[in-house]
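Given chain A, put chain B in place with the hints provided.
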Amino acid sequence: MSTVAQVFKETARRMTHDLRHRSWIQNALGKYYVGRDEKKARFQNWQEARQAAAEIKWDAVNHLDKYLEQFVSKIEARGTKVFWASTGQQACDYIVGVAKKHRVRSIVKSKAMTGEEIHLAQALEKSGVEVVETDLGEYIVQLREEAPYHIVFPAMHLTRHEISDLFNKKLGSAPTDSPEELTMIARRTLRKKYCAADMGISGANFAIAETGMISLTTNEGNGRLSTSLPRIHVALIGIEKVLPTLDDLALFLPMLATAGAAQAVSCYNTFIAGPRQEREPDGPDEFHVVLLDNGRTRLLADAEQRDTLHCIRCGGCLNVCPIYKNIGGHSYATTYMGPIGSVLTPHMRGLTEWKHLSFASSLCGACTEACPVKIDLHHHLLQNRRNAIRCKSPWWEKLIFQGFVTLMNHPLLYRLGVKLGWFGQKFHGLVKGTKLDPVYAWTQSRELPPLARNSFKDYWRRKQS
Amino acid sequence: MKISLFIPCFIDACYPQVGISMVKVLERLGHQVEYPEDFTCCGQPAFNSGYWDEARAVAEKVLAMYRSAEIIVGVSGSCGAMMMTFYKELFHGTPLEAEAKAHAAKVWEFSDFLVTKLGVTDVGAKFPAKVTFHDGCHGLREVGLKKQPRALLAKVQGLELIEMDAAESCCGFGGTFSVKFPMISTAMGEVKCDSALKTKADYIVSCDSSCLMHIQGLADRQKKPLRTMHLAEVLAKQ
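These protein sequence lines are chains A and B, in that order. Under the numbering used here, the residue at position 411 of the first sequence is numbered 540, and the numbers go up by one with no gaps. Under the numbering used here, the residue at position 165 of the second sequence is numbered 481, and the numbers go up by one with no gaps.
Some clues are possibly wrong.
[What the hints assert, rightly or not] Below, simulated DSS-like cross-link-like pairs (lysine-lysine); rule was C-alpha separation at most 30 Å, straight line:
#1 K548(A) <-> K377(B)
#2 K527(A) <-> K404(B)
#3 K446(B) <-> K539(B)
#4 K540(B) <-> K138(A)
#5 K539(B) <-> K564(A)
[Unchecked claim] Now the in silico label distances, taken between C-beta atoms and shown as ranges:
#6 K463(B) <-> T288(A): 37 to 43 Å
#7 D481(B) <-> Q554(A): 33 to 39 Å
#8 E433(A) <-> K318(B): 35 to 41 Å
#9 A379(A) <-> D481(B): 31 to 37 Å
To be clear, the hints were calculated from the coordinates, so they are not data collected in a lab. Idealized CB from N, CA, C, for every residue including glycine.
For reference, chain A alone in the conformation it holds in the complex:
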């Protein structure tokens, strides 16, 4: 087993024992379910909306070449500089280069999962530039020097007391219980950062091909401020974010808000189509769009799992995932956590090293049911498992399943096995729950059902005779 998998198992084991964490997350998400269902009910028909969204995304993803070129030609026409990055490294190098060229000393960053994906903040900091996260949750986890806990709610694992302690330690603010006051502390600090920043970095929730603009959604207005105040704006966008028409947003904005944050629509939706134009009073002097591949075209080539590129990063699948709710976001040690992360990560970072995530699922399908763009998540986990075993299977496991085939394909052998098991289980008590127990993985925490004296097959034979 690889190291990443061992660390995952160990962290997950620790988190499942943390009952405070368990009840905290269950409670927080309990409120989300109520709100989400209320907002879902505002759609004329949520299931049809999902179908329509899936079809629009299917069109976009299957004609990415056409829509991306359209997007680029439109947005370039208004003076935007577009850079195509095949890898995360290329994207980082380009953005660091822009920062160096303009002698940028500080950057305000709006929330962008693509930034997390390529470790952009670290690359910029290494080159001597200060990067400040402006989304409140992201700012909190940045101060804690940890990764986001959730795609949409990066600091949902923290209580207000923990945040108060953090601000007290890092910002010197007075301790407080009030969420409003905590927000004001962050706001006062961040306002100064906005005014001093030379560059703003954002992601994009959508890129509209028809009009050549990006759509940016936040609930704090930080996206708008980060992209309009500094003299340079860089948007780092996954190539799968493109949507054909502006009208598509009429569906996707409320859908993202509903599935992502249990809102009818997010508070701030900003459309950006270029740098400050002539006769415009404000906006950045330069606008750079970095289109990021970083493994996405590999996924595009995989007909079976191409729909994974439909993902709008709403986090809806995390919120319903019983695995996520029990092990928490940090256990995954990935940029994208929860079901979508377990599907995506093996594609982006290597199946051999990350396959354990596809196995760490009960395949319950709650994710697939929740996904607003109908990604067949739990079936993709099964396909990842198949692909992983095709690449390399542990010899002992292979042997077990070959034995399984022999047993199941020979009814007499199967019956004999059941009978032997019935005799053998009398001695199970001697080793049960110890490391010598062949079924220790089960019996360490659960009782095993006994094999019946008479099987169904025995019953049937008696019934027939």
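Below, chain B without anything else, positioned relative to chain A:
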């Protein structure tokens, strides 16, 4: 109507009373049943673990065994889902693809068969107890079992159904997942047990003995006063 039964391996070996109950109910309704005795397993453990070649080797035999069957009724939502949904994926692009599809169209889960196919909700059962219902994931999301088992329970004399919070959330079993990641599986089971306990029901009922095996195994180890019973057993009570 000629009904062919499929009895999953672990029901045959550990919970024969579940299969026997199904036979009793179907016979009580006047149907003749037959059982291909050579049936052992649908192949799901191998399939879920990534061993699709091995799963296919087992599933091929299953297809052959039921080739002449008119209607196949099984007493598990999960194994039913394997045949109805996953065989199609398993045999996709193979010479048996068409047969897997034809087979899938003949397979019914027991409660769905009674309610949807036969249009029966009252099977003449009597069971004076408070029960809560656990929606097994495969039954719920792959087969679409939700109203069917509840419609049947509603007609059981003396029975009171008390819904638990998050009846649709997974019990944590997940086949080989339960032994590959036992601590996550156990934590999920604990959440499920807590929901069920809050209802103060006498029994947790489900369409899947595999979920119930997990819930019961955990409750017994943690000495939680929970008892489980398959829907077929409830329906056989008189």
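Hints versus structure:
no. : hint                            : result
1   : K548(A) <-> K377(B)             : holds, 22 Å
2   : K527(A) <-> K404(B)             : holds, 23 Å
3   : K446(B) <-> K539(B)             : holds, 20 Å
4   : K540(B) <-> K138(A)             : holds, 27 Å
5   : K539(B) <-> K564(A)             : holds, 22 Å
6   : K463(B) <-> T288(A): 37 to 43 Å : holds, 41 Å
7   : D481(B) <-> Q554(A): 33 to 39 Å : holds, 36 Å
8   : E433(A) <-> K318(B): 35 to 41 Å : holds, 37 Å
9   : A379(A) <-> D481(B): 31 to 37 Å : holds, 35 Å
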